[in-house]
Amino acid sequence: MEEEGDIAADYLEELLDIADLDGDIDIDIDNGRASVAVVADQAGTPALKRLVGADGEVLDALQELTRLAVQAQTGDRTRLLLDVAGHRAAKRTALVALAKEVCARVRASGEPERMEPMAAFERKVVHDAVATEGLTSESEGQEPQRRVVVLAPGADTVEGAAD
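The sequence shown runs 89 to 251 under the working numbering.
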């Protein structure tokens, strides 16, 4: 994991140099996967936001390129997670809060609730938050319309749902 983080950091440093962007790189291990964050002081954050793009689209592409760079050097597939300018961290906080709200509604109604479609990273965050709340959840649908369904207490599955 540490090797993956180091390779990713080197790749991202080169990219930042080419793009003439200032940013520091933090490497960590989070839930068994390498986690790399490109951070800047407040003055540099707007420039780094270009690496995030609308709804994180550029960040998703950059993460995939970084994963490919790591894979090219290690020969192994990586589950590396990349964040830029705190975008994923803020998204995670908002998703956890949303998951708690949905869990409260499901407990109150006794009915499962289907959430809006979301990316794999977002679904993982929601599934983890739902589990922390003591409920279960499933993913259903096909990309890009795949969504999380929060199950009512005591329910085993939602008809038609698949992980």
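Where hints are given, some of them may not hold.
[What the hints assert, rightly or not] Listed next, the in silico SDA-like pairs over lysine to any residue satisfying Cα-Cα at most 25 Å (straight line):
#, residue 1, residue 2
1, Lys212, Asn119
2, Lys179, Arg193
3, Lys137, Ile113
4, Lys188, Glu204
5, Lys188, Gly144
6, Lys179, Ser123
7, Lys179, Ala149
8, Lys179, Gly163
9, Lys188, Ala240
10, Lys179, Ala243
11, Lys212, Asp129
12, Lys188, Asp164
13, Lys137, Val127
14, Lys179, Asp148
15, Lys137, Leu186
16, Lys212, Ala135
17, Lys137, Pro205
18, Lys212, Ala240
19, Lys212, Gly174
20, Lys137, Arg193
21, Lys137, Gly163
22, Lys179, Val146
23, Lys188, Arg165
24, Lys179, His215
25, Lys179, Leu223
26, Lys212, Arg121
Honestly, the hints are just simulated from the structure, not real lab data.
Exercise. Which earlier hints can't be squared with this structure?
Worked result: 8, 10, 11, 12, 16, 20, 21 and 23
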